[in-house]
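Enquirer: What follows is the residue order along each chain.
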Amino acid sequence: MSKRDLRNLTLASAALGLAALLPLYDTGYLLSIATTMAMFTVLATSWALFSGPTHYISLATAAFFGLGTFVTGLGFQTLPMWMLPLIAAGLGAVLAALVGLVTLRLSGVYFVIFTLGLAELVRQLVTWVQNRTGQRGMYVLTSITERDIYWQLIAMAALVFLVGWLIARSRMGFALRIIGNDETVAKHSGIDTAMAKILLFMISGAVAAVVGAMMAPRYIYIEPSTAFAPILSFQVVIMALLGGTGRLWGPLAGVIPFTLLWEFISRNAPNQTLLLLGLAFLLIVYVLPGGFVGLYERLQHRFGSGGR
Amino acid sequence: MKRRSMMMSLATAALLAAGLAAAQAQEVIRLGAAAPKTGPLAGGADVTHWPAVRLWVHQTNAAGGLQLADGPALIELTEYDDQTNPQQAIQAAQRMATQDRVDFMVAPYSTGLNLAAAPIFSRLGYPQITGTNVTNQQPDLSAQFPGMFFVLGRTGAMAEDTARVLVDLREAGEIGNRVALVNVADAFGIEMAGISRSVLEENGFEIVYQTSYPLGTQDIAPIIDGARAAEPDAFIAWSYPGDTFALTDQAIVQNFTPRVFFTAVATAFPSYQARFGAQAEGVMGMGGVNPDDPAFQEFAAAHMELTGQGPDFWASASTYATLEILGQAIEATGTKDRAVVMEYLQDKSNSYDTILGPIEFNDMNDNERFWTVGQWQDGVFRGVAARGRDGVSDVIVKDGWD
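In order, the protein sequences belong to chains A and B. Residue numbering for the first sequence follows our numbering, beginning at 1 and increasing consecutively. Residue numbering for the second sequence follows our numbering, beginning at 309 and increasing consecutively.
Calculated directly from the structure, the hints in this document are not laboratory data. Just so it is clear, CB atoms sit at the ideal spot from N, CA and C, and this is done for glycine as well. Do not rely on the hints blindly, as some may be mistaken.
To be verified - Heads up, incomplete: computed chain A residues facing chain B, CB under 10 Å, no partners named: (1) Asn8; (2) Leu30; (3) Thr36; (4) Arg123; (5) Gln272.
Said to hold, decoys possible - Estimated spans, in silico, between C-beta atoms of each pair: (6) A:Gly278 <-> B:Arg362: 24 to 30 Å; (7) A:Leu9 <-> B:Ser430: 55 to 61 Å; (8) B:Asp686 <-> A:Arg147: 52 to 58 Å; (9) A:His301 <-> B:Ser579: 56 to 62 Å; (10) A:Phe281 <-> B:Ser579: 29 to 35 Å; (11) B:Ser430 <-> A:Gln272: 29 to 35 Å; (12) B:Arg362 <-> A:Gln272: 15 to 21 Å; (13) A:Ser143 <-> B:Gly484: 49 to 55 Å; (14) B:Val475 <-> A:Gly278: 49 to 55 Å; (15) B:Gly484 <-> A:Asp148: 31 to 37 Å; (16) A:Leu121 <-> B:Ala529: 22 to 28 Å.
With the sequences and hints as input, model every part of the structure.
Expert: So, in structure tokens, the structure goes:
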């Protein structure tokens, strides 16, 4: 471990530790925004773990997230709470593996379309099962507070950052970067591209399912139309791209300003939220094509610090 | 010069007077409301929720505000869009309570959003008097959120009463035994279809056709086709707004003419009548009101005048009633101190005088008197079944579409 790694690790732990102290300061408005931020940080970072290096845009976050909320919804009365995220992770990984096996051998655009459809597919499946069994909307009434959920999410964020950091240093991470740059070259160098992609997609899917399982007690009422709402997938992609996927901290740099912007717009222009968000998004695409990471690197380049 | 100084003093006097008026009415009750303005439920909220909320604020202020112990207080309404998203509903409630520091909050629109926001209302001590929340979970919910009140009624009762209407019609010899039962495959439709199926079967009805369709289905023709082929006496659809209109449309197109035609949500919307005109005659749906009640008539006229649209014949009135209840609790206690108002609301011996008639809450914060089934009769959606409400109209059987 180099000196630089050590420094980054210390900085990251300090930042996470600081974030974890927030509920001691405020358990109201700030915490509720921070919980949203923490949720999107985990989702966007895990999304970027896969989509960053491979350049495969996945719109399946809502599918995994919804799956996770249903795991909690179905299991919270009979199973111990700590077990639910684990089950969600397992199911998320299995679903991702299935989807990956089917689609990741295909090139980019087919994958995007399929993942977009996946959330809808899973939603319809769940609805069909509910319809068959006469099962209804679920009420997740627990004593879990927003503070607990926030801490769970922070812990999850730490885990995701750690995993991301390890992957980037591994042969696996190297292989993924080669796939992203040129998949044919990767194949010819003897990389099992399908396997590499599926493994990463499974990690990303499992994380999203865990987040869903953790968030379910916050929503209280779980029904397919909100649990699998496709907007979530798009939000995650937008935030990750705004931050930039070139670095591990990139998505975080997108999540924070985007959540604040969203809140600012919701608050000050409640009648024009979508319009202003659309304009903001256009601006981001034109002014910040590489996200904040791209901007940071451009600035570094210009001021000659040479990327150190 | 002289003239000018006179003008000046006049202006000063006017300013002073305005200032005085403002000073007298300085007491303000801040009311926050977050509900869909965008997203899947925006259409419903625009018919049912927002106009009723704005109307109550408008009328209350026009009447000089609410009477507190130390004088009248005007209502200042802050509106937010929750984008039909539980995440946003939570954040909006949190924002209103801790940033805008509103004194009270209007309960959100729809069951899901009300439940998402419930922990915030509860933790920060805001009464949550819901007007568009139908559930069967009152015992659990009121135990967990003692400040949550239910005005609209219970899902179970609505599904049961719909089945009872059929039982009564059969006993009167108006219809036979055959029922077609369809539902939108979502939490609401599944639950309602399940309850009505079991009540109907207990009462010896034969379900000759049963199916469901996913939310957002565009092509509804096969459903009506299948139902028509089964030749039912009654057609019951636990539907959402989009499909309520589509099912009716298709039934007219295919000339499917059961003696009872029931569609659920949005049948009570004025737009249903506007769309189908005389063909709506005899169609049954969820909800209902007593349109002969002067209180409702007055409400409907004011609703029309202020918002340019009529109220729906179900939850508009109950949304308005939730605010009447809140207003009466505030006036009775003479304070905007939430804890005191909450205590008053939780005292179940209190009764509130609303456009729905008198309302009391039981031990589970539940209003036991509500409308369950309505029917279009002569251009008005009349309540034909209710729990504990006066003015129930007689049911008529549907005689074709023409």
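Enquirer: Would you mind marking each hint as holding or not holding in the structure?
Expert: Taking the hints in turn, this is what the structure says about them:
1. The interface hint given for A:Asn8 is broken, as the beta carbon of that residue sits about 31 Å from the closest beta carbon of chain B, more than 10 Å.
2. Here the hint on A:Leu30 is kept, as its CB sits about 9 Å from the closest CB of chain B, short of 10 Å.
3. At about 6 Å, the closest approach between the beta carbon of A:Thr36 and any beta carbon in chain B falls short of 10 Å, and the interface hint on this residue holds.
4. Look at A:Arg123: its Cβ gets to within about 9 Å of chain B, closer than 10 Å, so that hint holds up.
5. Of the supplied interface hints, the one on A:Gln272 holds, with its beta-carbon coming within about 9 Å of a beta-carbon of chain B, less than 10 Å.
6. Hint check: A:Gly278 to B:Arg362, Cβ distance near 27 Å, so the stated range 24 to 30 Å holds.
7. Between A:Leu9 and B:Ser430 the beta carbons are some 41 Å apart, a value that contradicts the proposed interval 55 to 61 Å.
8. At about 56 Å, the beta-carbon gap between B:Asp686 and A:Arg147 stays in the expected band of 52 to 58 Å.
9. Between A:His301 and B:Ser579 the CB atoms are about 59 Å apart, so this pair conforms to the stated range of 56 to 62 Å.
10. A hinted range of 29 to 35 Å for the beta carbons of A:Phe281 and B:Ser579 is consistent with their spacing of about 33 Å.
11. Taken as a hint, the range 29 to 35 Å holds for the pair B:Ser430 and A:Gln272, whose Cβ atoms sit roughly 31 Å apart.
12. The given range of 15 to 21 Å is respected by B:Arg362 and A:Gln272, whose C-beta atoms sit roughly 18 Å from each other.
13. Separated by about 52 Å at the C-beta atoms, A:Ser143 and B:Gly484 satisfy the suggested range of 49 to 55 Å.
14. Taking the beta carbon of each, B:Val475 and A:Gly278 are about 53 Å apart, inside 49 to 55 Å as hinted.
15. For B:Gly484 paired with A:Asp148, a C-beta distance near 56 Å fails the hint of 31 to 37 Å.
16. Restraint check, A:Leu121 to B:Ala529: a C-beta distance of roughly 24 Å satisfies the suggested window 22 to 28 Å.
Violated hints, in rising order: 1, 7, 15; the structure is consistent with all others.
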